[in-house]
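Work the whole structure out from these sequences, hints included.
Below are the chains, spelled out letter by letter.
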Amino acid sequence: MAEQKHEKYYVPASSPWPIVGAIGLGLIAFGAGHTVIDASKDADGWGINVLLGGIAVILVMLFGWFRDQINESMSGLYSKQLGNSYRQGMAWFIFSEIMFFAAFFGALFYARVIAVEWLGGAGNNAMTNEVLWPGFEAIWPLTETPGGTESGAMGWTGLPLYNTIILIISSFTCHFAHVGLEKGKRKQLTAWLGITIILGCIFLYLQGAEYVHAYEELGLTLDSGIYGNTFYMLTGFHGMHVTLGTIMLIVMFLRVVKGHFTPESHFAFQATSWYWHFVDVVWVCLFIFVYVL
Amino acid sequence: MSTVVGEVDQHDDHHHHAPSGITRWLFTTNHKDIGSLYLWFSFIMFLVGGSMAMVIRAELFQPGLQLVDPHFFNQMTTVHGLIMVFGAVMPAFTGLANWMIPMMIGAPDMALPRMNNWSFWILPFAFSILLASLFMEGGGPAFGWTFYAPLSTTYSSDSTALFVFSVHIMGISSIMGAINVIVTIMNMRAPGMSYMKMPLFVWTWFITAFLLIAVMPVLAGAVTMVLTDKYFGTSFFDAAGGGDPVLFQHIFWFFGHPEVYIMILPSFGIVSAIIPAFSRKKLFGYASMVYATAAIAGLSFLVWAHHMFTTGMPVFAELFFMYCTMLISVPTGVKVFNWVATMWRGSISFETPMLFALAFVILFTIGGFSGLMLAITPVDFQYHDTYFVVAHFHYVLVSGAIFSIMAAAYYWLPKWTGHMYDEKLAKTHFWASLISVNVLFFPMHFAGLAGMPRRIPDYSIAFADINQIVSIGGFAFGLSQLIFLWVVIKCVKGGEKAPTKPWEGAEGLEWTVPSPAPYHTFDTPPEVK
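The listed protein sequences derive, respectively, from chains A and B. Just so we're aligned: 198 in our numbering is position 198 of the first sequence, and the numbers increase by one with no gaps anywhere. Just so we're aligned: 125 in our numbering is position 125 of the second sequence, and the numbers increase by one with no gaps anywhere.
Check the hints yourself; a few may be wrong.
Said to hold, decoys possible - Straight-line Cα separation of at most 30 Å, BS3-like style, residue types lysine-lysine; simulated pairs:
#	chain 1	residue 1	chain 2	residue 2
1	B	K497	B	K424
2	B	K197	A	K80
3	B	K427	B	K529
4	A	K80	B	K497
5	B	K281	B	K424
6	B	K282	B	K427
No lab work stands behind these hints, which were simulated from the structure alone.
Below, the structure is given as structure tokens:
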């Protein structure tokens, strides 16, 4: 029985896309580095061209790699075992993303609980406050830094609350679409998937509006101290992930329209759905720790 | 349930001859080809990083400034560390994982072969960028491989941006490699190969892969914050903005401590394969080895601040990290005990892999003991940032990790190439390495205890003799590694034909296939009883 369950192994044929991807990432790293250096000197350099070239190479790689992948999958080449490998791979990838956000959440907690408190004289740091930063008061949100930069603080009502509701609803609509796919109800799938994409776009639009509000009315910018730093880095990286997730959902939508996926075999859809739930969970943590508390 | 595999494609994928030409290496999805690429790359990086160490030792041969200016000296210590950690040791282990894990668990290949190729080919680009940054105006990274803020933010040169992005893509490569290993182990084991039957090399890599996926993203976060602090006006590590330079050290070492176990756990697996083979006995305490590895990995997340005892922490935190650190010696002790117990009353023979494994056990333990000394908070105040620390981590990384990689190379070379290596030459390599590595690193303990600070190009005349001895050891160790290169090339080109199982006491699926191992090892899963 045990032997029966194991099919003959499937090993994908060699492919040019990985090396194209490596060249793309190399160009992006080299170009991004020089772009940043050029920008810091207000100089027009060639860095940005290399960076854009790298992004173009990566886009070509993504199209080519996924095209091959989808063709191979649609022609029934893949085994169930390979499907499991993909699923596990995606799960571990999401775990690595969680750890990336954990680094920034860690910075936020450290700043709130330790750094700012100590600068304000907590524990045995009275002289730090007295001598180095006289007059500094430990408050959170840190609307006035020890160096004297002032800014407003972002409340949690209004846009952030709407966005929370939107993203939580979108997690449900994404799930309904998934259920539709598994039950073979294509209409339910298309409709709920479309709604999920629209909700994702609304979220991104409102997030942009929130940034405009923060920059123009609150004076809260990326360089206004540790509060602004953690606010923009956390919400910014989250926003990038939502953008990516939305693009993935749109690709899934196009594939659904083309008639891809079956109730049994739909790894790409499942991975996208997992990713979407992941960005949702990250947002809920963000909402609690960055906005509310 | 089962998907039918097309006949035509099967023929294409499962032929047993390697394709030829340059595209074989560029487009490959074969775990053995990718493993070889990793191993060769890591050896080249070992020589590059090693030659930087030679520059350091040449400058330190005499007190005073002779050869290089201090800023360049700092770049050498920094890039030497980065190259050895990310370019030599980690890719060497990934190469060994690629070669051996599919063979050991009865799989045809890694679970995600194309991603496997991608994760390798990122590395040459990442390290070209890092090395090229040395030639920029203002020089390359010069803040130590730990890139502490504010050295890496306020006081660093322009090349920092390139450093940051090259670390980013190295991290992407490591994470993809680790995902591949972990998925291969979870999903590709042959029927009957239950978790507790897996060879220890597979087990230790399983846990290592978990550590990699958990901490490489944290490193990505750390370099990102350095980038934004330096170029985009954030103040994560700047008190004026409400941040704290100590925060950098917390984030970095939360990555950094698991990272050092990433560089030693696979060694444990290698040594646990070699010692039983040449003692002609089963490994003593297999299950306890597995649990000890898991315990070390778990504890590695709770000890990071022992790198920061002198940085400034509440006493409670210092004590907490001190006790957690000392606790690690318990599972490590279990391992060393088991290796010794395996040899007890075994019928031991001393071929080169065994010699390296034995040297590993003894020298790694010395490194472990000096680690225990460093773990004690009050005395660490004296040892911190001295050559004692340098001696400690080079004992665990050079005579630990690197020696185990050498042992693994000799142990499996017959399986990889189909030829036996030149035993006499290999033994010369071993003895030359063993003697020179101790001449190189042992006196550093004394220099450190006497107060010689690390990362400084000049020193008090009192340390002149000791540094001269150390430098001679360093040059000798560097040259000895060329013997290794010679042995490997000779073995690849020819030599006595290797039988399926060249080592009498060796166990495992890799010794059931011919030498050299066929291009795709197992078409259908072998049976494991």
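Tested hints:
A threshold of 30 Å between alpha carbons decides the hint, and for K497 of chain B with K424 of chain B the separation of about 16 Å falls inside it, so the pair holds. For the hint pairing K197 of chain B with K80 of chain A, the CA-to-CA distance comes to about 24 Å; that is within 30 Å, so the pair holds. As the CA atoms of K427 of chain B and K529 of chain B are separated by approximately 37 Å, the hinted pair breaks the 30 Å bound. For the hint linking K80 of chain A to K497 of chain B, the alpha-carbon distance of about 40 Å lies beyond 30 Å, and the restraint is violated.
The hinted pair formed by K281 of chain B and K424 of chain B meets the criterion: a straight-line CA distance of about 25 Å does not exceed 30 Å. Simply put, K282 of chain B and K427 of chain B have alpha-carbon atoms about 25 Å apart, close enough for the 30 Å limit, and the pair holds.
Figure legend: structure checked against the earlier numbered hints; hints not met, in rising order: 3, 4.
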